[in-house]
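Novice: In case you want the letters, here they are:
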Amino acid sequence: MKSYDVAELAVRNLRESVLRNSLTTIGISVGVASLVAMLALGIGLQKLADRRLEKSGLFDTVIVTSRREMRNFNREQEGDGPAPAESPSLDETARQQIERLPNVLEAYPDIRFVTELRYKDKPHLTMVAGLPFSAENNEAFDGMAGSFFSSATAPEVILQKSFAEQLLGKASRDDQNVKVSELAKPLLGQQLLMRYAERTTASDSNGPQSTSSASYSVVSREQTLKIVGVCDLDPDSLRQQARARVFLPLGFAENLHVLQPGDLRDTTNVLGGTPTYTTVEVRVKSPKYVQSVEDLIKKMGFNTFSIVDATKNLRQFFAVLDLFLGIFGSLALAVASIGIVNTLVMAILERRREIGIMKAIGASDVDVKGLFFAEAGVMGIFGGAVGVALGWTIGRVINVGANVYLKRQHFPPEQIWFVPWWLVAGAIAFAIVVSLISGLYPASRAARLDPVQALRYE
Amino acid sequence: MSPARGAINLINSTAITTQQLCRYYRMGEAEIRALDSVSLQMRSGEFIALLGQSGSGKSSLLNLIAGLDRPTSGSVVVQGHDLQKLSRQDLAKYRLKTVGMVFQSFNLIPSMTVAENVELPLRFAEVDRGKRDSLSQQALDRVGLSARIRHRPTELSGGEQQRAALARALINQPQILLADEPTGNLDSHTGTEIMNLIREFNESLGMTIVMVTHERALAERYARRMILLADGKVVDDQPNLATAGAELTQGGTR
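So the protein sequences, as listed, match chains X and A. In terms of the numbering used here, the first sequence is numbered consecutively and its last residue is 458. In terms of the numbering used here, the second sequence is numbered consecutively and its last residue is 254.
Incorrect hints may have been included.
To be verified - List of simulated lysine-lysine pairs, DSS-like, C-alpha gap at most 30 Å:
| hint | chain 1 | residue 1 | chain 2 | residue 2 |
| --- | --- | --- | --- | --- |
| 1 | A | K97 | X | K2 |
| 2 | X | K288 | X | K299 |
| 3 | X | K2 | A | K85 |
| 4 | X | K299 | X | K47 |
| 5 | A | K131 | X | K2 |
| 6 | A | K93 | X | K2 |
Claimed, not checked - Far from chain A, some chain X residues (derived; all Cβ distances over 12 Å):
| hint | residue |
| --- | --- |
| 7 | E99 |
| 8 | S162 |
| 9 | K179 |
| 10 | S220 |
| 11 | L225 |
| 12 | I338 |
| 13 | G356 |
| 14 | A363 |
| 15 | V366 |
| 16 | E414 |
Please keep in mind that the hints were generated in silico from the structure rather than gathered at the bench. We treat Cβ as the ideally placed atom computed from N, Cα and C, and that holds for glycine.
All chains should be modelled from the sequences, with the hints used to inform the complete structure.
Specialist: Listed below in structure tokens is the structure:
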């Protein structure tokens, strides 16, 4: 028989006992739906984790320090490159060189200093750091009250939640669940007075390139800053103890020429006079490039530090999770496949005579087998399609439910569920394959039917 | 279909040969000899009636000729095909192309319309959809059932159903028509109509007819050769004198 004839007859036969075949098909749908919902959840969670890690900036950052900066030296690094005294300075030229390396997005100096901030004439001492403008999308600013800096050089400031609490005279221990929006209300738009020590070159006309001016003056300055945001999370978590709680736009912070810890050492430097950076942070396109970029920077004679790419292990974890979710999802489909076998075996009993007739008038074993096989396949196609739709709907509902829950817990909404196109195609294909396998036994049983006996059957 | 096909060429050539044909069944301990060493020759264009009581083996013989059943021993050769040597696939093809069958209970598929039933063998023969309509229309015209082709079998009378079954048996233009009690479920008037149709196939198309019946009167009226079976053996085989006349020479004896 030609394939369109097989398909047509199969559909016709299925329509002859609509109820039974529909129920069987619904069984397949439920199986496929559970599979799709489970895998969509697994994939969604994986994507969520990937997104979070990407935004955290933990795994795509390389921290570069000069080997002259002997404070963060350890024995292993000692033999890695040139001797500290002969190693290059981490200055603006070096920063630009690093920024030009392949797969590097940006390299910016790390400017941080401990200083005094006055709020309503009350002094507070804390670590202040410059933030590159690109940090705007960092997840640490999710749920921030207020807004990000208006420009890279604006005299604006973002406070970490704990510092905001300190300014308002609230001890964070008393109430863990203070909302940033409540903290921010009295603070946003307010002025903060920052005192700092500016490094000024003794003679400005010599410029930064001068080799003769290994001296500078330190002048005490004051700067008024406007509070624009209070962030809930900790944008500087990578720094652990040294992390800052007050953030300035990096461009603005650079222009302040605040005295840096390394400056004192520069005065004893042969190359003296060129301001150097204590640390340069390098952002790489993707965590997988971290190692190669790190190697290149080491070759330049600097020390580097990065957090090992944890996403690899995470992906492995999710592969295992998906596998288990898939197995659980497939259980329902396995049950449904038994339903197909049952339905088709019943159909053989019912249509025994019909099979006999078809054989008597010239149907071959292949024709009969093909017919039952096609019926299983058609149920698979319909079951798969309906199942994907159902699974998609279930996923949506779970997502909405989860977001309602997240909202109650004061978390931002998340897409925890994702159906990629390959899952749609794969689930339908899987349903068809399972159905066809289920159809194997009934089909061959129908084909083997003895026509003489089948014709005698009433 | 060409009415003259085979009518001249095949006369006197052998259509069906059985040699020492045996078919035994097991029923518990007992062995039932449905067919016991039957050797027959049937010529092309013959109209043969297989007569006998129920259980005489006439239907078993027909099923073996139809390729629906395999003999315990002996051989059946039809139009040069040794059925014993055919694979299951080839046997299906043989049933499709070489023989047409009609049954006492018509055996139409109830879920299909008359037209669909008639063209079903064309589907198995992988005839294009476009050609099927005209072929089934032709066959239905020949049996006089053009009007009710969109009806389902249950909406037809017995006679109409048997006409549809005949059209189905004709559709692939087989040379042999095997009929198993074709009038058994029909009243005598309708039965006569059906028998007249079958006779017409024999005479105008030159088809070889092998008809199983237990009605001697029917056999005497239409068949030109009557083979009587009892207990799986041929007990009588002779030309039908009533229909003999000029055809006596072709309705040969063994």
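Novice: So, for every hint listed, does it hold in this structure?
Specialist: These are the hints, each one checked on the structure:
At most 30 Å may separate the alpha-carbon atoms for a hinted pair to count; A:K97 and X:K2 meet this at roughly 17 Å. Straight-line distance between C-alpha atoms of X:K288 and X:K299 comes to about 19 Å, which keeps the hinted pair within the 30 Å bound. The straight-line distance between the Cα atoms of X:K2 and A:K85 is roughly 27 Å, inside the 30 Å bound, and the hint therefore holds. Between X:K299 and X:K47, the direct Cα distance comes to roughly 35 Å. Violation of the 30 Å bound is thereby established for this hinted pair.
About 14 Å separates the Cα atoms of A:K131 and X:K2, which keeps this hinted pair within 30 Å; it holds. Between A:K93 and X:K2, the direct Cα distance comes to roughly 15 Å. Compliance with the 30 Å bound is thereby established for this hinted pair. The Cβ of X:E99 lies farther than 12 Å from every Cβ of chain A, with a closest approach of about 70 Å, so its non-interface assignment holds. The beta carbon of X:S162 is kept farther than 12 Å from every beta carbon of chain A, the shortest such distance being approximately 77 Å.
Listed as outside the interface, X:K179 is consistent with that label: its C-beta sits roughly 69 Å from the nearest C-beta of chain A, beyond the 12 Å cut-off. With a cut of 12 Å on Cβ distances, X:S220 stays outside the contact zone with chain A, its closest approach being about 96 Å. Against chain A, the non-interface label of X:L225 holds: every CB pair exceeds 12 Å, the least being about 83 Å. The non-interface label for X:I338 is consistent with chain A: the shortest C-beta to C-beta separation is roughly 26 Å, beyond 12 Å.
The beta carbon of X:G356 is not kept farther than 12 Å from every beta carbon of chain A, the shortest such distance being approximately 8 Å. Distance check for X:A363 against chain A: the nearest CB is about 5 Å away, which does not clear 12 Å, and the non-interface claim fails. The beta carbon of X:V366 is not kept farther than 12 Å from every beta carbon of chain A, the shortest such distance being approximately 7 Å. The Cβ of X:E414 sits about 53 Å from the closest Cβ of chain A, beyond the 12 Å cut-off, so the non-interface label holds.
Figure legend: structure checked against the earlier numbered hints; hints not met, in rising order: 4, 13, 14, 15.
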